[in-house]
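Construct the entire structure; sequences and hints are all you get.
Chain by chain, the residues:
Protein chains: 4
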Amino acid sequence: MIIVMHPEATPSEIDNVVAEVEAKGWQTHRSSDHGQTMIGLQGKGQPLDLFQLGQLPGVLDAMAITQKFKLASRAFRPENTTFQIGDFTVGGKQLAVIAGPCSVESREQLLETAHAVKEAGATFLRGGAYKPRTSPYSFQGMGEQGLQLLAEAREATGLPVVTEVMSPDKVKLVAVYADVLQIGARNMQNYDLLNAVGEAQRPVLLKRGMSATLEDLLMAAEYILSHGNNQVMLCERGIRTFDNKYARNTFDVNAIPTLKELTHLPLIADPSHAIGVRRHVKSVALAGVAAGADGLIIEVHPNPDAAVSDGPQSLTLPQFAELMQQVRAMAQAVGREA
Amino acid sequence: MIIVMHPEATPSEIDNVVAEVEAKGWQTHRSSDHGQTMIGLQGKGQPLDLFQLGQLPGVLDAMAITQKFKLASRAFRPENTTFQIGDFTVGGKQLAVIAGPCSVESREQLLETAHAVKEAGATFLRGGAYKPRTSPYSFQGMGEQGLQLLAEAREATGLPVVTEVMSPDKVKLVAVYADVLQIGARNMQNYDLLNAVGEAQRPVLLKRGMSATLEDLLMAAEYILSHGNNQVMLCERGIRTFDNKYARNTFDVNAIPTLKELTHLPLIADPSHAIGVRRHVKSVALAGVAAGADGLIIEVHPNPDAAVSDGPQSLTLPQFAELMQQVRAMAQAVGREA
Amino acid sequence: MIIVMHPEATPSEIDNVVAEVEAKGWQTHRSSDHGQTMIGLQGKGQPLDLFQLGQLPGVLDAMAITQKFKLASRAFRPENTTFQIGDFTVGGKQLAVIAGPCSVESREQLLETAHAVKEAGATFLRGGAYKPRTSPYSFQGMGEQGLQLLAEAREATGLPVVTEVMSPDKVKLVAVYADVLQIGARNMQNYDLLNAVGEAQRPVLLKRGMSATLEDLLMAAEYILSHGNNQVMLCERGIRTFDNKYARNTFDVNAIPTLKELTHLPLIADPSHAIGVRRHVKSVALAGVAAGADGLIIEVHPNPDAAVSDGPQSLTLPQFAELMQQVRAMAQAVGREA
Amino acid sequence: MIIVMHPEATPSEIDNVVAEVEAKGWQTHRSSDHGQTMIGLQGKGQPLDLFQLGQLPGVLDAMAITQKFKLASRAFRPENTTFQIGDFTVGGKQLAVIAGPCSVESREQLLETAHAVKEAGATFLRGGAYKPRTSPYSFQGMGEQGLQLLAEAREATGLPVVTEVMSPDKVKLVAVYADVLQIGARNMQNYDLLNAVGEAQRPVLLKRGMSATLEDLLMAAEYILSHGNNQVMLCERGIRTFDNKYARNTFDVNAIPTLKELTHLPLIADPSHAIGVRRHVKSVALAGVAAGADGLIIEVHPNPDAAVSDGPQSLTLPQFAELMQQVRAMAQAVGREA
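Residue numbers (the numbering used here), protein chains in the order written: chain A, 4 to 341; chain B, 4 to 341; chain C, 4 to 341; chain D, 4 to 341.
This list has only true hints and no planted wrong ones.
One-sided excerpt, in silico: chain A residues whose CB lies under 10 Å from chain D:
1) 30
2) 45
3) 71
4) 72
5) 140
6) 191
7) 218
8) 219
9) 228
With beta-carbon atoms standing in for the labels, derived distance ranges:
10) 308/B with 54/C: 30 to 36 Å
11) 47/C with 83/A: 36 to 42 Å
12) 83/A with 314/D: 34 to 40 Å
13) 146/B with 315/C: 41 to 47 Å
FYI, nobody ran anything at the bench for these hints, they're computed from the structure.
Heads up, the beta-carbon is just placed ideally off N, CA and C, and yes, glycines get one too.
The structure is reproduced here in structure tokens:
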């Protein structure tokens, strides 16, 4: 059950509603979206009359939501969520195309890539400054120096920057430089981190964990939303299944129409991680757009064979330019733009 | 190692080659394709000189193949396999579209569906006469009567018929009526059945098992090919993963570009089983075409809610007609036709 | 819903009950167990009154069973199923220990193994004459000659023989030689084969498919039971999961207490296939007994490194003898015998 | 490659070895264990002569390790790791039995449980003060107040306390109260958290992620070890597979013998999460001990039906006492004590 208050409801009207339902044995949870308060109900109180609740001063609507995810659900917000990042509208007709290297490695590498992907039609620049690596002995990222290079690349190209944050205590620092905070697959259920980005004033790109169900993903988004940050993009990046001999993961293309039905949040496909094989990234990218994704995130590197991470799945600059042409044709075939 | 003989090689030339390699300790396995003999080598004989083998009378080529699948591999046949079924060329530029009900239920149901899918642009009619059902208490199919109805529907519409065969001792009977023998996912490793269809003079549609790796699938095809039947279509129909709350299976779209690289065999996508939810079949079908599938197999029923099997994933006749329009646009975007 | 008739119910009493419920719109399905008839109801008829049904002449009991599996369920038969094979009671206090080579390879190999496992305490001899191999180029088994050797080994040792049958048309032949018909994991949903062994007068060992859910397994058993064959042993042999670098499959030890609760059928653990690594077979075997399995099936070979199949997971003869000692101690710790 | 220095090697000897191998193009990584320095080599330098390296002043040993995990490997430390926590030796003959409620809920609940599990034979008390919950609307734990209650329960019973820490900035606080820092399954690849506990002076219980491979788990341990904390227990708590209708997870019992071979670290089995069904916890616990686990972690609650979390899998106090008796018999059967 969620009670949505009028945008102009007064604090005392809100307190009054809370008192009313708590008196019937319910626990309440407040969150707010653009200054509008939502009151979520949990627990096992006495039955409530939706109509009567709707008559209380300041109440806009009261609705039963039986799914575990509430703020993320279509029941809560039937229309698609869209939001602006710079000049770009995420979740609109135009596909978001986020491109760049896995890791920021050097000024030259990043700027060359940023200019090339901008030229080819990308709308965001990606690049990792903090890298979650399986081995403690692998390159762990350039850290703040990498963030500074990303900011410089944004200055040079105008592309907003998407970069990963791995720890709650780094959220403020990363938010100084980044336009979008990325939560990686391994941290999808790192709840302290979700809480921290939920309180940041930055859009979030939330990647699905490698064995997360769709509900797990939506519940992770719910953590961010319930802290008042409504600018969340979900990302399907492949799941772990029984066969990884010829592909790094299994791209769950079914998740695209399913999530678009369950939630109002924009959805990005990550073909690079989903298949992990450079020459097949194109097929998966096109499939993602065909199935209804709102955008793509693609790893691109000037010299993939020399990349410190994810070289095998990174496109060269000319390959990315060629892919963008095909993405444009595909977007048109499904009534989108790129 | 495979030795490919000239199409006009004489039996004694073939015997001579076999004798030569067996003398060096190898076991041999003969198969033939359009009258052309291939000699496969197994075991651990003495090293062979490919150049010398190529000089023996009647030998066209001798090649080392390190993958476990040989006849199914691109190394064995670099160009795409195509074959004719009626007027249609499977594996060519035009997408094969196989449509019809899960189960043949009645003359009316089948003929109404057959005419409608033909009208909408389907190129094959599907329908189950023998049904592999999880429960022994569920409808098990109409059997031979169902086959007769399928043959009647072919007469009426001109559409070649695709239907499942579940047992080696039924292959001859089903081949009397059907144009394409379907092997279901549950029987993908039923080797006696694979051997039996390998010896039938009918094209085969081989569905991937629900937890079969791509190599498992190709090895199953190898059983059929090694019995001299080269008209094999593979079918990706979704795999079993950890999340089936909102979808019946996980459509492994990665399998499409991967299989198209590993094998020369045509590849069909089955969005109906892959997602199992009627209103999402479209997205998965388009994704399959975008990723490079050579065709689609779609469940269609005049009244899905009354279907004896697979109703929840069957399209209505108008939904199928609408899907075909979108498939046509998608085919064009990737340089195909439908 | 299942209606259980008295053992002495007359045919006309049975027909009368069937007519009664069919008149209310239900479909019926008859099966029999030791001459006692069960009438299963499917479909969507009018509501039935269990008490009134129980009053009809010849009716012993009428019960609602909401699980899909009926004859296999504890609701249908609360006590454990036990049955005799030779002198041995399957499902009783003593653990069934089925041991022998993966493939029958020669008279010497088989007899040496049979004597050794008998000596060490095995209660059944296993050995494959028809082998389901991933590759058509691998050894496919000795066929009937292998069956004859198994029968000879039974003569020599007194151990009943367990061997796989892969095709419905081979069931009669295999039943001539074998005491227990094994259905392999790849054929768990080969329904024509299940029907055929359901009609054979032989106990069946039904292996769980590599991605079969517990319900899938019980429904496969239901096929056999519904054809009147009640002597079914289930076998957990490992499932396919995301990690097979260090083990061939994942032994689903949870399945043991769960199946023992859901069904009355005896349950055998197969540690050899479940882990696939000789030096770890012991740990998995002991875990299976600790969790409540009614027996073990173990691959044993006089010279595993020379085995034509499954060498890496086969125990040597001394290793098996040592394992039996540990199994005996373990059996005692959980109130069983071996 | 790892170079192990003498415990008394001087800083300049260490620097000299580092300079030597870096001059040949290798990158180095230092870690230390009880004051003894290890130098790990990464990258692609010139070939090194192990014998010559071993001759450098201060070098104890130089060894090639080809597995990705080094400090966690048996190659690095052949004997089992053991360590003291209070009077108890983890990794020794006696099984560690960690018992207590999922969440600390109140002083009464915790103290009653602590006294009862101590009485029954547990060697550690578990209890969650910070809870990683799928839903932001669920109880998130009592926080520091919960830690204080755990410390009070330790005072009262003498049982060392195991509790979870979810965020790097909480490690110091939790370490004030806890004897063992638990890393939950969802945080297994939260590398900043692993680094933080790697620097804490507290033993760590590292739970396997729900889709982590064994190598992923060992690499996560490697993060902790490489920061100088060698007191790491691994924990198998069930993995996510395709069937969760009757069990919450799949207990990967194969992991036990496999991990005991790959690593020297102690290994704890968690039957409560692994099956998630109270009445089956016993079977899985016994299987874990039979397979060779060094201990168990079990959820126990005075009134499971009223538990705020994990009630369905929590044992009652008498059930735990009964389980301990069976664990003792099982431990004896495999040469351990409990």
